[in-house]
Amino acid sequence: MRNKVLTAIAALVLFAAATDRQPVAVEFRIPKGWPQPRYDFANNPLTQEGIALGRKLFYDPILSADSIVSCSSCHLSYTAFTHVDHAVSHGIRDRIGTRNSPALMNLAWGRSFMWDGAVNHLDMQALAPISHPDEMGEDFSHVIQKLQRTERYPELFRRAFGDEAITGERMLKALSQFELTLISAYSKYDRVKAGAEVFTQQEAKGYALFLAHCNTCHHEPLFTTGEFANNGLRVDTIYNDLGRMKVTGVPTDSLQFKIPTLRNIEFSFPYMHDGRFKSLRHVLDHYVEGLSPSPTLAAELSNSNSLTKDDRTDLIAFLLTLSDRDFCFDPEHGYPKE
Amino acid sequence: MVRSVAIFFCLLSGLQGLPQDRGRALRFVPFVNAGPLQLDEPLFLPDGTPATITQLRFYVSQIRFFDQGHIAFFDSSCYLVDAGEPKSLLIQADLPRSTHADSISFLLGIDSLNNVSGAFGGDLDPTKGMYWTWNSGYINWKLEGTSTKCTTVKNEFQFHLGGYLPPYFNAQQVGLKVKDEGVFTVEVDVSKFFAQALLGGRCSVMSPGKDAVELAKLAASVFSIPSRGEE
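These protein sequences, in sequence, are chains S and A. Here the numbering used here = 1-based position in the first sequence + 290. Here the numbering used here = 1-based position in the second sequence + 132.
Just so you know, the hints here were simulated from the structure itself, not pulled from any lab data. The beta-carbon is built from N, C-alpha and C at its ideal position, and this holds for glycine as well. One should not assume that every hint holds.
Said to hold, decoys possible - Coverage of chain A stretches by chain S, computed from C-beta distances (three or more under 8 Å per stretch; other residues unrestricted):
| no. | region |
| --- | --- |
| 1 | 188-196 |
| 2 | 262-274 |
To be verified - Going by beta-carbon spacing under 8 Å, a handful of chain S positions derived as facing chain A:
| no. | residue |
| --- | --- |
| 3 | Ile-434 |
| 4 | Gln-438 |
| 5 | Thr-457 |
To be verified - Quick list of in silico lysine to any residue cross-link-like pairs, SDA-like style, CA-CA up to 20 Å:
| no. | chain 1 | residue 1 | chain 2 | residue 2 |
| --- | --- | --- | --- | --- |
| 6 | A | Lys-260 | A | Lys-349 |
| 7 | A | Lys-281 | A | Tyr-300 |
| 8 | S | Lys-536 | A | Leu-171 |
| 9 | S | Lys-536 | A | Lys-349 |
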């Protein structure tokens, strides 16, 4: 009898400990040699429970109007969180969007989000695809109501934020927490930089060409400056997408799009904001032979370059060293098992 | 530090309903055609056109009370005032009744900092429908309804005014002389807004820009202190 009572007390204590447990803080590690992240973690400190909640939300189609499309539908972990082999993505009821889904990584360093920088903060990014009629087609406050009605989520919000209140702010911050953990910094390029590996002769040649021709805009180690540029793409006659100008209303921003990172570029085909190029070879051919003249063309591209066919092959060999398989197959990034 | 304090206060902005006898307060009274605004009720615009107002919501932030040019009170919170939510029309100021004030000011809208600092709760929670999803930024002023003046679908007019990027910064300062009373009643006469907003068939402005700034100035001009006797 006494044993039973003790067991019961122990169970109660354990239960109390489990339910009153504070979220476990997670340290955000900056890869060696990288700049300080722009995300302000003081307003949204990473915790194991917050990240786990964000991950569950990321993979949950409850966020969409038809409960079929989740964030991961267009941002698949195995392909660096992009919609591989889709020029533009499709959302609810197979509606087709107008832009190529960006690969998600190293978002803590992001200055703005979306191809045109329309979103100014990672926390607010998810509102765009959730609300867009061609993507998830939902009303954000309705998403929150749906989450509140579930059996599971109030408890997950309690674990992450201390009580069961499910608010827009908490939902967005949890999603940010998961997305902030998507750090790709372990490619062959990174191992070479750390002195643990060496480039092949061809990769080294490609790297030298990269530094001479690409590094101004695709600046290492993030392989983007986070700025916008017109990289000489002909205006697409279907979407007639003018990019950044739609956000700022400033004519000099016409045809400017976000400079994407080149990390994991092997997996993120097809390329450009509208996915018009199927391969890296097509991309490089564009930069050598296909630039469309325009008043807003990036100054860096105004002088035609002389990359030979062999140069382009070497450059591609280097770009493939930016693939980070550990990132793509990290079990912490995939569909949460529960 | 200043930033985190501002953010902290904005987080508190959802906590309304302080005891009413605490002291000073701002009370917004939406008017149309010299009568109280009734949402969804038929009315006439200043030029006689039939219309209905279905929604009037706006942000009020950076509330200041002045006494002979000196700031007697400052509240950095952000409040969502909703003509359809009577509770939201009264903003309590946590200061003693004895505090003297001869003028007040507030920002009609949300400042730049709060527009670029991520997700907030309370009145600033994006679930309130006052945040643009496709182009980051708060909607400072939202006025919706129908009028036969509008040739849009269902004769709807929609004014969603916002934008924090120069040159189209949208939030407007409003300054008003007040009589020193316990509750400062501020009338919001939307007739004044309609007198100009719908000119030339302009029935929807829903993105930052020149039109939105022009209309925000117009919106800022509809606030006044009643000259007639107190309630």
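ask   = Which hints from the list above does the structure break, by number from lowest to highest?
value = 1, 4, 6, 7, 8 and 9
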